[in-house]
Amino acid sequence: MKKENIKWFIILHIIIVIISASSIIAKAAGKYPFLSFKWILLYGCVVAILGFYAIAWQQVIKHLPLIVAYANKAVTTIWGLVWGLMITHEQITLQKVIGAAIVIVGVYFVVSGDEDVSGKSEEKIEEVKNNA
Amino acid sequence: MLKYALVMLTGTFIASCSQIILKKAAEKEYPSKIAEYMNPMVIGAYFFFFGASLCSVLGYKVVPLSIGPILEATGYIWVAILGKIFLSEKISKKKALGLVIIIVGIIVAAMGA
Numbered sequence: 000m001k002k003e004n005i006k007w008f009i010i011l012h013i014i015i016v017i018i019s020a021s022s023i024i025a026k027a028a029g030k031y032p033f034l035s036f037k038w039i040l041l042y043g044c045v046v047a048i049l050g051f052y053a054i055a056w057q058q059v060i061k062h063l064p065l066i067v068a069y070a071n072k073a074v075t076t077i078w079g080l081v082w083g084l085m086i087t088h089e090q091i092t093l094q095k096v097i098g099a100a101i102v103i104v105g106v107y108f109v110v111s112g113d114e115d116v117s118g119k120s121e122e123k124i125e126e127v128k129n130n131a
Numbered sequence: 000m001l002k003y004a005l006v007m008l009t010g011t012f013i014a015s016c017s018q019i020i021l022k023k024a025a026e027k028e029y030p031s032k033i034a035e036y037m038n039p040m041v042i043g044a045y046f047f048f049f050g051a052s053l054c055s056v057l058g059y060k061v062v063p064l065s066i067g068p069i070l071e072a073t074g075y076i077w078v079a080i081l082g083k084i085f086l087s088e089k090i091s092k093k094k095a096l097g098l099v100i101i102i103v104g105i106i107v108a109a110m111g112a
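Order-wise, the sequence lines are chains Z and C. For the first sequence, numbering that gives the first Met the number 0 assigns the number 0 to the initial residue and increments by one for each residue that follows. For the second sequence, numbering that gives the first Met the number 0 assigns the number 0 to the initial residue and increments by one for each residue that follows.
Please note that the accuracy of each hint is not assured.
[Stated by the list, open to error] Mimicking DSS-like on lysine-lysine, the simulated pairs with C-alpha atoms at most 25 Å apart in a straight line are:
{"no.": "1", "chain 1": "C", "residue 1": "93", "chain 2": "C", "residue 2": "22"}
{"no.": "2", "chain 1": "Z", "residue 1": "61", "chain 2": "Z", "residue 2": "1"}
{"no.": "3", "chain 1": "C", "residue 1": "83", "chain 2": "C", "residue 2": "23"}
{"no.": "4", "chain 1": "C", "residue 1": "22", "chain 2": "C", "residue 2": "92"}
{"no.": "5", "chain 1": "C", "residue 1": "2", "chain 2": "Z", "residue 2": "30"}
{"no.": "6", "chain 1": "C", "residue 1": "2", "chain 2": "C", "residue 2": "89"}
{"no.": "7", "chain 1": "C", "residue 1": "89", "chain 2": "C", "residue 2": "27"}
{"no.": "8", "chain 1": "Z", "residue 1": "61", "chain 2": "C", "residue 2": "22"}
{"no.": "9", "chain 1": "Z", "residue 1": "61", "chain 2": "Z", "residue 2": "6"}
{"no.": "10", "chain 1": "C", "residue 1": "60", "chain 2": "Z", "residue 2": "30"}
{"no.": "11", "chain 1": "C", "residue 1": "83", "chain 2": "C", "residue 2": "27"}
{"no.": "12", "chain 1": "C", "residue 1": "83", "chain 2": "C", "residue 2": "93"}
{"no.": "13", "chain 1": "C", "residue 1": "32", "chain 2": "C", "residue 2": "22"}
{"no.": "14", "chain 1": "C", "residue 1": "60", "chain 2": "Z", "residue 2": "61"}
{"no.": "15", "chain 1": "Z", "residue 1": "61", "chain 2": "C", "residue 2": "2"}
{"no.": "16", "chain 1": "Z", "residue 1": "1", "chain 2": "Z", "residue 2": "37"}
{"no.": "17", "chain 1": "C", "residue 1": "22", "chain 2": "C", "residue 2": "83"}
{"no.": "18", "chain 1": "Z", "residue 1": "37", "chain 2": "C", "residue 2": "22"}
{"no.": "19", "chain 1": "C", "residue 1": "23", "chain 2": "C", "residue 2": "89"}
{"no.": "20", "chain 1": "C", "residue 1": "27", "chain 2": "Z", "residue 2": "61"}
{"no.": "21", "chain 1": "C", "residue 1": "22", "chain 2": "C", "residue 2": "89"}
{"no.": "22", "chain 1": "C", "residue 1": "2", "chain 2": "Z", "residue 2": "37"}
For the record, the hints were derived by calculation from the structure and aren't laboratory data.
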């Protein structure tokens, strides 16, 4: 892997961690009454992170193949388990771990099974990138 | 928890709809860069997206952090189905297998919730 690709791969995973962490804020918002000041503040943070994600994602897919980006995005399921364990002290059952792993495999099949993003046509990849 | 999980799944469906609308909007020709973003379809899509994030926040009131992202993986399924209906995108055998695998994963994880 080229040095430049490694850099964008790391950036991709930083973005994935950030978008995944937005679920912690969403969870925190749930503690407050709907439309209360704190609820609005936390929901605003979630929307701001989504906005950041939309911009950052566009940059990442300019430098990494779309299939790599989408397949790696599936690790949010693993981060969900980590946050659940660390933040809300949820019970991480074997079924949850296996389920998350199966979902990741499924996502890989979905993105690699999509002809438009599988590398069959560079022109189509550009088209998908532009439309994403 | 089922009620809140359904709210979250509805949000994922709405987000998938917004992606399809954005894709439809991207296929059109616009007279200017501003018009590419400031048109009813794109504004509508982001309005949907906003609604989807609201569903996610409401869902997380009860849905565990460890299950949320797994439920959100249903987005891949909705995008594939909606893409086939509205964009005439093909679902290859490998992709269809992947969608089935995702469903199996969600069921397995839900059993452990």
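Checked hints:
no.	hint	verdict
1	C:93 x C:22	holds (23 Å)
2	Z:61 x Z:1	holds (15 Å)
3	C:83 x C:23	holds (13 Å)
4	C:22 x C:92	holds (23 Å)
5	C:2 x Z:30	holds (17 Å)
6	C:2 x C:89	violated (33 Å)
7	C:89 x C:27	holds (20 Å)
8	Z:61 x C:22	holds (18 Å)
9	Z:61 x Z:6	holds (13 Å)
10	C:60 x Z:30	holds (7 Å)
11	C:83 x C:27	holds (18 Å)
12	C:83 x C:93	holds (15 Å)
13	C:32 x C:22	holds (16 Å)
14	C:60 x Z:61	violated (36 Å)
15	Z:61 x C:2	violated (39 Å)
16	Z:1 x Z:37	violated (45 Å)
17	C:22 x C:83	holds (13 Å)
18	Z:37 x C:22	violated (35 Å)
19	C:23 x C:89	holds (16 Å)
20	C:27 x Z:61	holds (22 Å)
21	C:22 x C:89	holds (15 Å)
22	C:2 x Z:37	holds (24 Å)
The structure fails to meet hints 6, 14, 15, 16 and 18 from the earlier list, while all remaining hints are met.
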